[in-house]
Amino acid sequence: MDNSAYRNAYERSLTHAPDFWLDAAKKVTWSTAPERALDSGNAPLYRWFPDGVLNTSFNALDRHVLAGRGDQDALIYDSAVLHSQRRYTYAELTELVAKFAGVLKGQGVGKGDRVVIYMPMIPEAVIAMLATARLGAVHSVVFGGFAPKELAARIRDAEPAVVVTSSGGIEPSRRVEYLPAVAEALELAGVPDLRVVVKDRDGFKATAADFHGWLDWDDEMAAASPAAPVDVNSTDPLYILYTSGTTGIPKGVVRDNGGHAVALSWTMENIYDIGPGDVLWTASDVGWVVGHSYITYGPLLAGATTVLYEGKPVGTPDAGAFWRVIEDHKVNVLFTAPTALRAIRKADPGAELLADYDISSLKTLFVAGERLDTDTYHWADQALDVPVVDHWWQTETGWAICANPRGLDALPIKPGSPSVPMPGFNLSIVDGNGDAVEPGEEGNIVLRLPLPPGTLTTLWGDDARYISSYLEAFKGCYATGDSGYQDADGYVFVMGRTDDVINVAGHRLSTGSMEQVLGQHPAVAECAVIGVADPLKGQRASGYVVLKSGVHMDEGKLAQELIAMVRRDIGPVADFKNVKVVDALPKTRSGKILRKTMRQLVDGEEYVTPSTIEDPEVLERLVAVLRPTSAAD
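Position in the sequence shown (first residue = 1) + 1 = this note's numbering.
Be a bit skeptical, because a hint or two may be false.
Claimed, not checked - Computed cross-link-like contacts, BS3-like style, restricted to lysine-lysine with a CA-CA straight-line distance of at most 25 Å:
1. Lys578 <-> Lys150
2. Lys313 <-> Lys578
3. Lys597 <-> Lys578
4. Lys581 <-> Lys597
5. Lys347 <-> Lys415
6. Lys206 <-> Lys150
Unchecked claim - Using C-beta positions, here's what the derived DEER-type ranges look like:
7. Asn9 <-> Gly520: 49 to 57 Å
8. Val177 <-> Val626: 50 to 58 Å
9. Gly435 <-> Ile250: 24 to 32 Å
These aren't lab readings, by the way, just hints derived from the structure by calculation. Please read all numbers here as calculations on a predicted model, not as lab measurements. All C-beta atoms in this analysis are idealised placements derived from N, C-alpha and C, irrespective of residue type, glycine included.
Start from the sequences and build out the full structure, keeping to the hints where you can.
Following this line, the structure appears as structure tokens:
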């Protein structure tokens, strides 16, 4: 096949990486332009553009105003739950960001300080992110659905100077109060007097005035003076984004300023084919990496218009919600998760609601967050009649490891594959010893170092954990934790996780964290949580518990209590609803629970009894218990 533009770019990014990325860096406005691409002096902790100086917020906002495009829409807020819309031009958004940067500055926030943002999908969330970056400070956005315990863990680790929050989030059937959760998290974190700024929303019980020392967003904005952008080094951190760790302790992925700006600018033009004035709608949440990269930063760095959607793919009000947004805002590119498409398909299998809307502005549908199954791919492809592009990446990488670069080279699409490795990602499939396998043979997906710009530089405050978590399993490589294979054309097929982090509706969640919660129940002796294949959400968490000797308890009542515990400690985002009591868990002789084998049983897959199993009879008994579970569900 003819993919010369892609092939040339990919090969140059590996053989002449400094030249490739210094050229890409010209798309960014620097206070001091970099002359060096890569600092490898502290390998494997690589740093990109070490002599560059810039401000990310300036690049996302001010420079477009200075270029004469201040009247162009920068942000469109569309709230399906409030039935309201609001547009912000680049000039308006720049002014608001500068003023909220002034608010933060007035609270003592400066270069290198951290700001935790715990907000729903409202414009103030984006404003708070960009305002933090404007001061050279470091933001850490926490998804509003997380429980106080999880928020507290992030506050303890990031040690913020300020928390920015809102009255609450609005779901189709309920309102979620945030302020009591924030207050509880501050107590749990041991910083009850930490300064909090609250954006008040109508219809919630609590306000900033109910908490001693908390500040009202609108009052502070009215009194604030705008703050100018603060220059930072390219290698200075822009944000911390926490992802589930296999130990249950969250890992703070650190993204730098310079590499991030360069990488996202490259992706907007070459992967998404988005430029100034185009409209990108990323139907995600600012609490996830997709929201960071492609709601907030990527579109604004490119001078495009970004859509911030507060609503659901179905239920606000129906399965035509996405098509309505595309029509209303003339969306050129939609980026969403397979879960959203499956939910729409379930509610409207014939895509009949599409007939009510004009979606002719749509050029491409991009999908990521979990594996795009071929059934959903074909449904979307036929319904929308635009290219449906699966691409694969992680919180840690910040942008696509594999994609189909529509702005560079529109390659043939292979259903089931996120296409090919992107420039800078030196991808290999290796066996357990780190040796390359043959095309078509499944193995561990690894990325040879150094990783390209825009990927994680370390874990917050813990270089050693970064190295041990990602860089030690395979020498000279970053271990993605995923398995898969590469075909003869170079297309990658990602088959699944190799650790205990599961993917529920695009949200990576640690089964280890859930097991810790289940193990706290007085009736539970031991437990296992596995990710079971789910046609709607990709995976769902399913728990299996062994009761303590002599304990007799109604299984239904126990399940209710365990589900409530997970909801309390992990949050509703875990979507934990399935628990089953078993007499024993299959283990290796060293005591490791055979979760992969259990998962294969439940999913109805072929499995091989591991040679290291301690008691084969336990596995045999589970066949009768676990396999019907999948059919019944």
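Among all the numbered hints in the text so far, which are the ones the structure does not match? 8
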